[in-house]
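S.K.: Sequence:
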Amino acid sequence: MAAANYLPSEDQFLCSICLDVFTDPVTTPCGHNFCKNCINEHWNTTDQYLCPMCKKVFNPRPELNVNTLFSEMVSQFRQSAQQKANSSSSEQQVFKPGEVPCDVCTGTKMKALKSCLNCLTSYCETHLEPHLTASGLKRHQLIDPVENLEGRMCTKHDKPLELFCKNDQTCVCMLCTVLDHKTHVVVPLKEEYEVKKAELGKTETEIQQMIQKRQQKIREIKHSVSISKGDSDRELAKGVQVFTSLKESVEKGQAKLIETIKTKQKTTEKQAEILIEELEQEISELMKKRTQVEHLSLSEDHLHLLQSVQSLNIHHPPPTKDWTEVSVSLSLYEGTVRRAVSQLEETLSEEMKKLVKAEMKRVQQYEV
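One gets our numbering by counting positions in the sequence shown from 1 and adding 191 to each.
The set of hints was computed from the structure by calculation and includes no laboratory data.
The beta-carbon is built from N, C-alpha and C at its ideal position, and this holds for glycine as well.
Accuracy of the hints is not assured; some may be wrong.
[Stated by the list, open to error] Ranges between beta-carbon positions, derived for each pair:
| id | residue 1 | residue 2 | range |
| --- | --- | --- | --- |
| 1 | T368 | M244 | 24 to 34 Å |
| 2 | T515 | K373 | 39 to 49 Å |
| 3 | E341 | K404 | 38 to 48 Å |
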């Protein structure tokens with residue numbers, strides 16, 4: 192009961208994945224808390240089930256249930272936060288982790304509503320007012336709040352990065368165009384933004400096609416394994432039928448036949464397993480690449496998109512293998528039974544020769 196009345200600090204009620212107050216909190220075996228949906232979605236998109244906080248790997252995947260006690264504490268925290276919000280509407284705009292703060296506020300930082308590309312400053316609702324009313328400031332370019340506005344300035348000339356050099360594939364300022372890039376082809380950021388965004392769309396489509404081809408290849412490989420298994424089963428049944436009427440030597444031949452066929456099938460399955468594992472690894476890398484492309488394609492920040500495209504080289508898919516001619520090498524079972532029977536015939540023939548020789552020897556002995 193004492194624990195239920197104790198409320199930790201606000202940061203302890205924030206999920207480290209979504210950076211929001213917990214919803215249906217669950218606790219991992221290592222003791223860290225996450226939203227149930229957040230940790231499940233995170234594990235659904237990764238190859239390993241590891242804790243995002245301490246990186247501890249779990250195998251198999253843990254079954255997570257809602258932490259009832261902590262869920263009650265979260266509920267108390269939500270109620271307390273709602274009461275505070277109702278008592279003062281201004282508190283609803285207080286800067287929180289993961290948000291962009293107002294650069295003008297002193298003391299308690301408020302949440303920024305817009306960022307000005309001309310002033311290189313982020314403003315809350317109160318301090319944004321002059322940009323909405325003053326005629327000189329109305330012409331400034333306002334965007335949704337972003338961090339690191341200084342990164343939008345040319346480090347060489349201390350001017351806004353407003354243009355894009357096609358020759359050097361980099362963002363430049365007005366002074367760059369007349370000094371370092373005066374003979375180059377330079378276009379506005381928005382124009383190149385549209386070009387790169389179209390390229391990203393094409394890249395995303397290509398990656399999706401590559402994923403679909405590899406998924407189809409997996410289906411083909413599994414089908415080949417199924418065919419091989421059917422052939423193996425039929426050949427095995429034939430071999431068993433041939434040798435069931437024989438005695439000890441026949442049973443040895445039967446055991447050898449079974450071992451040979453199973454070894455071939457294991458070899459086929461092992462080859463398929465290796466190919467599937469490699470394909471699934473490529474699919475995982477391509478999905479990660481697709482996720483980067485999807486997230487970047489949704490960006491309305493011209494500069495961020497262009498810089499990310501160049502730094503991440505995102506329009507080039509990760510190196511992959513050409514799977515067009517790759518297939519499972521099916522084991523050939525034809526002749527397996529025949530060779531086994533032939534070997535048995537040779538064994539029986541040797542035994543027959545021994546019997547004939549022994550009989551002749553006995554006959555000679557009788558004649559003497």
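S.K.: Against each hint, give a clear statement of whether it holds in the structure.
M.R.: These are the hints, each one checked on the structure:
1. T368 to M244: 24 to 34 Å: violated (47 Å)
2. T515 to K373: 39 to 49 Å: Given about 47 Å between the Cβ atoms, the range holds.
3. E341 to K404: 38 to 48 Å: holds (44 Å)
The structure fails hint 1 only (numbered hints given earlier).
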